[in-house]
Amino acid sequence: MIEVNNLNFSYTKNPFIEDMNFIVQSGEIFGFLGPSGAGKSTIQKILTGLITTYKGNVKVNNIEVKRHDSSFYENIGVDFEFPSLYEKLTSRENMVFFSSLYKKRQDIDTLLESVGLLKDADKKVSDFSKGMKSRLNFIKALVHDPQLLFLDEPTAGLDPSNSRRMKDIILQQKAMGKTILLTTHNMYDATELCDHVAFIADGKLRALDTPRNLIMSRGAAKVSYTYMCNGKEVRNEALLNSIGNDNMLQKLMQENKLLSIHSSEPTLNDIFVELTGRALQ
Amino acid sequence: MKPLYRSFAMFIKQIFKDSMLFMVCIAVVLTAFFIRFGIPAAEKFLCSYFNKEAILLNYYLLCDLFLALMTPYMFCFASALMMLTEYDENIASFLAVTPVGKKGYVISRLIFPAGIAFIVSVIILSIFSLTEWSVWMIIIICLLTSVSSVIITLFLFSFSHNRVEGMALGKLSGILMLGLPVPFFLTNKFQYLFSFLPSFWIAKLCISENGIYLLLALATSVIWISIIYKKFSRKMI
Ligand SMILES: Nc1ncnc2c1ncn2[C@@H]1O[C@H](COP(=O)(O)OP(=O)(O)O)[C@@H](O)[C@H]1O
Ligand SMILES: [Mg+2]
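In order, the protein sequence lines correspond to chains Y and C.
Just so we're aligned, residue 1 is where the first sequence starts under the numbering used here, counting upward by one.
Just so we're aligned, residue 1 is where the second sequence starts under the numbering used here, counting upward by one.
Treat the hints as calculated values from the structure; they're not laboratory data.
Take the hints with a grain of salt, since some may be wrong.
Covered stretches of chain C, as calculated for chain Y (at least 3 residues, CB under 8 Å) [stated by the list, open to error]: (1) 3-13; (2) 19-28; (3) 99-105.
Beta carbons: idealized from backbone N, C-alpha and C, even for Gly.
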C-alpha cells in the first residue's frame, strides 16, 4: 500500500528526515509515535503529497507521490492536526461542500451522527468548541469513503468520552478494510490502536514493530512489593521471569509480611525513552 | 475540472458573505459612475468658472486607464483577502489534498478572478469610457491590467500574515497603479524611473499605441509574478 525508500527531507539546510524506510501493509493501522516536533506531521505531509521536495521514493498505491495527479485524492482521506473548516459556514454546509469535490460520497447526516454532531449540524463552525471542530474535521476525511486514511493526532485535545468515540470509529474503519496511518504522542492510543508503531524522534525512525513486540523485546515485566522494616515502609522490585530467586520476597510471602505486591509491564513510553533518550510528552 | 469549479463557487460565495469584500466590488461600479458622469460635469463647471476651453479633457485618457485597472485591481485585492482568510482556516492546504489539488487551488484563486476581472473591465470600459476606444485596444489594455493585477494577489497573500496586514499592504500596493499617470506628467527621461511598473508601460502603450510597450508591459508583469510566486508557493503548504 505504502512504500518508503531512503526518504530524505528538510525544511532548512540542516538535515532533518534522513534515510527513512518503511512499508505499510494494506488494511493495517500504522502509527507514528513521537514527541512534539519530532517530524510526524512532516512525514504525513510528504505521504499525502503536500511536500514534494523530498528525496528518495515514496509510493502510495504504487504512485510516486510527487508525481500524483488529482485523481490520487479520490481514495485518500486526510485529517490535519489543525481544523481546516470554513468558519462562517455551518457544519453541514462544510460537509456538503467538501463531499461535492469527490466522485464517491457518503451520507452526511450519518457521519455527523457518528461523532455526535448531528444536533449541531446547522450551527456555524465559528461557534464550535475545539473538540467539536476536531470531530468535524475528522469526519470530513471520511466523506468520500476513502480506502486510505491519514490522521494527524486524531485524539489530541479530546475529552475521554469523545476520544473513545473517535478511537471506536478508527477501529470500525479498520474493520471495513481501510488502511490507516495516524500520528500520536499518546502511547496508550498507539498501543491500543496500532498494528505497527514507528518511533519517531528528531526526524529519524528509531524503531518499528508491533506494540506488543516493542514492549516485550525490551525490559521484562517487573514485580514490585512493599513491606515494613524497622517501622518504615520499604519498596523492592524483582523481574517477573526470575522471581523465584528473590529470597526476600519468598521470606515475606511465607511470613505473610507483604504490604502490597503488583506486577507492571513497561509501557511504550518506557521503551521510547530507552531507545531514543527522549520522553513522549 | 468539476472540483475546481466547485471550489471556485465556494470562493465566490465566501466573498459575498463577507460584506467588506462585497463593498470592494461595489466600489468598482461606483468609481465607474463617478468617472463617466462626475468628471465631465466637473470639467464643464471648471471650464465655465475659469473661462477656459479644456482643463481635465487632456486627462480623460488617464481616467479611462484608471477605469481599466480599477476592476482587476479591486478583484485581485478581494481575492487576496479571501485567500488570507482561507489560509487562517487551513483551507488552502486542505484543498491541496483533495481532487482540487494545489494547482487547482492556485488556478481558482489567481487565474479565475483575473479572468473574470478581464471580462468585467472590458464591459466597464466599453460602457463608461470618456474617450473613443477601438475594440482591440480595449481587449489588449484590459488583458494587460488583469495580468498585472495578479501581482497584487501574489504580493498581498505572500507578504501578510492576516487580513489586517493584508488591508494595510493593500494601500501600499497602490504603488503598482502609480505608473499610470507618469507618462502624462513626466515627459523627460525621469519617467523611466518607473519602468519597473507594468502600469507605466500600459499607459505608454495607450498614448502611443506602440507594440513594443505591449511587450514591455507583459514582460514586467511576468517578471514580478515569477519573483513573488516562489514565496507564494512556499506559503501554500
Ligand atoms: N513549514 C515549515 N517550515 C519550516 N519548519 C517547519 C515547518 N513545519 C514544521 N517545521 C519544523 O519541523 C519540525 C517538525 O515539525 P512537525 O513535523 O510538525 O512535528 P510533529 O508533528 O512531530 O510535532 C519542527 O521543528 C517544526 O518547527
Ligand atoms: Mg504534528
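Using a Cβ cutoff of 8 Å, are there at least 3 residues of the segment 99-105 of chain C near chain Y, or does the coverage claim fail? holds (count 6)
Quick check: the segment 3-13 of chain C, covered by chain Y? Criterion 3+ residues, Cβ under 8 Å. holds (count 4)
Taking a Cβ-to-Cβ distance below 8 Å as contact, does the segment 19-28 of chain C have at least three residues touching chain Y? violated (count 0)
Going through the hint list in order, the structure does not satisfy hint 2, though it satisfies all others.
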